[in-house]
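Undergrad: Model the full structure from these sequences, guided by the hints.
Below, each chain spelled out in residue letters.
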Amino acid sequence: MKPVLYFALALALSALQAALLRWLGGGAIPVMIVLPMVLWLGLHANTVEGAVSATAIGYVLDLANGGPKGLMTFLSVALFLFARGAGAAVDIPGRVGFAVLTLVGTFLAGCAALGLIDLVTPQVAAPGWELAGRIGLEALVTALASPLVLSLMNATDRLFARDDPTLLR
Amino acid sequence: MFSLLKRFRDLALVAALLLVPLGVYFAHARRPSERSRLDRFFIVLTAPVERGVAFVIGGALDGWRGYVGLRGAHERAQQLSRRVNELELEQRDKVRLEAENERLRVLLGFAESEPGFEVVGARVIGVRLDAKGLQLVRIDRGADDGVEKLMPVVVARGVVGRVHAVTSSTADVLLLTDLNSSIAVRVARSRARANVRGTGDPDVCRLDYALRSDDLQDADELVTSGTDGIFPRGLAVGRVENLKKAGQGLYQKADVIPAVDVTKLEEVLVLRSRAAGGRDESAAVAQSGPAVERSAPARPPAGSAAAPAAASATPSGSHAATNGATAPNPRAVTSAPHPAATPSPRATTSAPHDTRTAAQPRREAGSRVP
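First to last, the protein sequences are chains A and B. Each residue of the first sequence is one higher than the one before, counting from 1 in our numbering. Each residue of the second sequence is one higher than the one before, counting from 1001 in our numbering.
Treat the hints as calculated values from the structure; they're not laboratory data. Incorrect hints may appear among the rest.
[As the list claims (entries may be wrong)] Okay, the calculated bits of chain A under chain B, using three or more residues with CB under 8 Å as the criterion:
# : region
1 : 2–14
2 : 51–63
3 : 68–74
4 : 88–102
A virtual CB, placed ideally from N, CA and C, is assigned to each residue, including glycine.
TA: So, in structure tokens, the structure goes:
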């Protein structure tokens, strides 16, 4: 049930991001507001549920990006694993910690995407690493917006907590 | 075996979820595939969200611009309105200055055309066109500026009047339309002589002492003859209208429409003779015939007997002039404004014309016609 909800939420956030960017600079400021969802899943969801949800969210990102299918899905699952590993290795406290994780994760995901695209694209059409600056800006803006996503995901998670059957005992 | 699968199920699932998309990516990367129906379905699902957000944000922005922003727009509109008012005032000032500049340019041109006179430019600062009193305008130049009594006052279009009274900083100008004003003129076309006397009506004067035998027509232009010792020769005075030749009598009668609309005066020129003595001699002209020829050196005297005409140009008429005093009550002296008013008709008729000597022709060569 949760992956479906996260999928719907990712669709809604993706649409919201597209609509907002129309008014906020017309795309001059890059942002991937859905990615923090994956990072949150890596920190708080169980492995199977989180991986499936990350796949669903990655699919949404693939749809939104319009690039080759599978790229963002793969990166989303990889980011989920990265967040899971980071959460296990270090303490990530509060919104600031989540923002830092988002900054790093989004930047790594962007660089990985560039690398993967570079692998399969002819040299003349390859995006090149000149885009690293823009990826950094995207990571920064996404990190700044990530506390909002954190609050949204926490609120969504509390909805499911009410259905916990142990509360009836 | 089953337990082993169960043990690594989660790991296998994650690995599959990781690797399958990667495989899909490499499979489709070089040959991008079309979006599937499922893809299009989900994209369609997001459209209402985008439309809704656009509606909300657009509505909010419209609301801001249409209502909240109106407060600033109101202030801006007020500022612009004030600015428009200021610009309109500036524009009016500009138009006024342009008109003034044009008038002054014409005056300057006139001044340069009068080499025998110095000109003192003056602004009209007061008007008294009371039919019950003198018809005067006050100018902002007085004795300190060299303005003296009896100095002629003109504009480019013609004669305005002459200085009647002077203070240190202002002067009153007796207009040619005043009852007490009489100016010796010639008909520009035929050179016939006459006098133009004011009627008290700013729009019309009267033609006096135009001999019945003289060549006069309606619309004839009248110019100063220079024989009154006040005005230089050739200045426009007015235009003959309603000429009436009676079956008997010595003179023709006619109205004269002044060349200058005295109700619209703004700037004038006071003419000051360059000759030594200035107005003192001019004043003397008004009192003694022979002095005329000395008083207007820039203009050749029209004749030896300009005195009567000059005398008639004083505000109080010849009576006051011969008394050597200004008339305290102009109306009191208008009963004898001119020598022509003497009981003897012959003496009267000779008044404006007896200034001619036998040798002097009626037409003065070289008289200027404006």
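Undergrad: Decide, hint by hint, whether the structure agrees.
TA: Okay, the hints, checked on the actual structure:
{"no.": "1", "hint": "2–14", "in the structure": "holds (count 3)"}
{"no.": "2", "hint": "51–63", "in the structure": "holds (count 7)"}
{"no.": "3", "hint": "68–74", "in the structure": "holds (count 6)"}
{"no.": "4", "hint": "88–102", "in the structure": "violated (count 0)"}
Consistency with the previously given hints fails for number 4 only.
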